[in-house]
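So the protein lines, in turn, are chains W and C.
First residue of the first sequence: 837, per the working numbering; consecutive thereafter.
First residue of the second sequence: 9, per the working numbering; consecutive thereafter.
Not one of these hints is a red herring.
Between beta-carbon pairs, the in silico distance windows are:
no.: 1; chain 1: C; residue 1: P77; chain 2: W; residue 2: R1153; range: 42 to 50 Å
no.: 2; chain 1: C; residue 1: L85; chain 2: W; residue 2: Y1127; range: 19 to 27 Å
no.: 3; chain 1: C; residue 1: F122; chain 2: W; residue 2: F1119; range: 19 to 27 Å
no.: 4; chain 1: W; residue 1: A980; chain 2: C; residue 2: G142; range: 38 to 46 Å
no.: 5; chain 1: W; residue 1: S1042; chain 2: C; residue 2: L15; range: 49 to 57 Å
no.: 6; chain 1: W; residue 1: K1073; chain 2: C; residue 2: A189; range: 53 to 61 Å
no.: 7; chain 1: C; residue 1: L85; chain 2: W; residue 2: E878; range: 37 to 45 Å
no.: 8; chain 1: W; residue 1: N1122; chain 2: C; residue 2: S130; range: 34 to 42 Å
no.: 9; chain 1: W; residue 1: L1123; chain 2: C; residue 2: P77; range: 30 to 38 Å
no.: 10; chain 1: W; residue 1: F920; chain 2: C; residue 2: S220; range: 35 to 43 Å
no.: 11; chain 1: C; residue 1: P77; chain 2: W; residue 2: V1126; range: 23 to 31 Å
no.: 12; chain 1: C; residue 1: L85; chain 2: W; residue 2: L1123; range: 24 to 32 Å
no.: 13; chain 1: W; residue 1: R874; chain 2: C; residue 2: S130; range: 45 to 53 Å
no.: 14; chain 1: W; residue 1: V1126; chain 2: C; residue 2: G142; range: 49 to 57 Å
Pairs of lysine to any residue, SDA-like flavour, derived with a Cα cap of 20 Å:
no.: 15; chain 1: C; residue 1: K88; chain 2: W; residue 2: F1141
no.: 16; chain 1: W; residue 1: K1073; chain 2: W; residue 2: T1090
no.: 17; chain 1: C; residue 1: K293; chain 2: C; residue 2: V163
no.: 18; chain 1: C; residue 1: K88; chain 2: W; residue 2: I1137
no.: 19; chain 1: C; residue 1: K88; chain 2: W; residue 2: T1133
Since the hints were made in silico from the structure, they are not lab data.
On a predicted model such as this, the values are computed, not experimentally measured, just so you know.
Glycine residues also receive a C-beta, built at the ideal position from the N, C-alpha and C atoms.
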Amino acid sequence: MSEPSHPSSDWRRFIAISALLVIGLAAAPLWADRAGLRLLGEMYSLLTLALLWNLLAGYAGLLSVGQQAFVGIGGYTLFSATIFLGVSPYVAILLGIVLAALAAALFAPLLFRLEGAYFAIGSWVAAETIYLVFTMIPQLGGGAGMSLPAAVVRGIAEDRSTREFIIYWLLLAAGTGTLFGAYALLRSKVGLALTALRDNPTAAASLGIDIWRAKFWTYVGVAAAVSAVSSLIFLQKLRISPASGFSLNDWTVTIIFIVVIGGIGRLEGAIVGTAVYFLLREFLANLGPVYMIVLGTIAIITMIFARRGIWGFLEARFGWSLLPTTRLPPHEDKI
Amino acid sequence: MNVIDTLIGGLLLGGLYTLFAIGLSLIFGVMRLVNIAHGDFIVLAAYIAYLVIGATGLHPLVALLVVIPIMAVIGYLLQKWVLNRTMGDDDVLPPLLVTFGLAVIIQNALLAAFTSNSMRLSAGSLQTSSLPLGSIQIGLLPLFTLLMAVVLVIVLEFIFARTRIGRAFRATSDDPQIASAIGVRADHIYALAMAISFATIAIASVFLAMRSNFDPYSGPARLIYGFEAVIIGGLGSFYGTLAGGLVLGLAQSFGAQISPNMQILSGHLVFFIILALRPRGLFPKAP
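Generate the whole structure from the sequences, applying the supplied hints.
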């Protein structure tokens, strides 16, 4: 407990290493081929979604099984706003953020009425409801979905490689932005409230933390961020259908496994989990259903034997902490 | 006439949804546990019934005599060996995430074993028989499903209110620590509750499988319907769950009259309306 949690001592070194890492990754178009860039981009997008879900479930105690709702909204808003309103993809992304936040703000007051575990399935019903509404709008192509016209795509950049670089950089920015944004958030006053919420909701409430508001803004903020990342993902995919946009498996099951295996309630957990997920996928993806069975089994074993995941285990064992969000109480007297 | 048709159809459908819901309602009442794999276990039980029928040639309803004990044992051991390890403190995440993992495992295991082709259990003449009621024909199988749901609700209410094991369930639900102090073993009681929940899963599975096609991915929708029925009815009473199932059946039935793709959506909308107007459900347990 007495780890040096005032960051100033390690602060400069930490900033320097992170900056080097980000610059190295930003230079990936120089050292990686097209497939490599795509793989990295996919890693950033899953890492971002994992960080966001971790904020919800690991800190605010909102175990959402319905995040695919906001992925679908982000993706579909990108396609429909660029096609029907003729706006640029960047404006469409902003519109998607607003729409996802509105949808979250609409459902949150209802879903928060569900006790603990029932919130999970409630959020799933909300996602199903939004999914069904999207399948019923004929302009959105029904079950077949829609494609992004070439003219819209050229709005980002004329030639293909420049476009791919830009999308890569946007995904990298989303990943690093979310990581450091979440870090800054958790070190702020709001973050302190969220951490208190994670550790002991009852005590947090008795200390005057408005649990409902903290949860509400986390839920709405995460929905907005999920929508933004989703727009980038589908900007790369160029096609969307209700099945892909609102996929429970792609956008929620995978993400939950990543966070649980890496370490729930720890920022580093999402990073470790994403790395483990992609490693496992390299070796096991051709096994088809067996791959998901293996992932599910690892997640269950983690939950039973090492509740804080791989990172939690390392943290407890070796006192590691990459992104320390713990703080010493003010005016602590050394005895 | 059409309205009455829709009404009766909705109530009968509600019987099936009550069967999906009753096991969820039970384990939540006893131990605040939500089994995300509930629907997937229903589908698993349907495949077990399929295997039993294939091996013995029994009628699905007779095969239940084999499927119910199998599922009850699975439920007991699942709770005893796996879920009990995740319970105890107030953290709802671990049990929820474990059942979430189970759901994904069951879906993919069934996919590997049986492919994604959908199948159905043949109920013989029960499937096609109907009862004339005035000018309306009532399908015998849906009617039997509703009767089964009502009987099950009454039996469970009786077990909870009048029997020794029911008292142990209620005591553990109120306070596991005090219950264990007076000699009730919470882990055993939890496992028994899960065994009963899984027995209802077996019943639900066979009635589902005689009535409609199922495949490895049919589980989540059954979980959602069961969950909606529980919340609409109000937590804490089996009669409430029955009422919730019937309301959901009616909502879907009338929704389907507007347009076929409105059926499921209307169920969801009624669920959210109830949540907005009566957050504790239609028939909450007295505080």
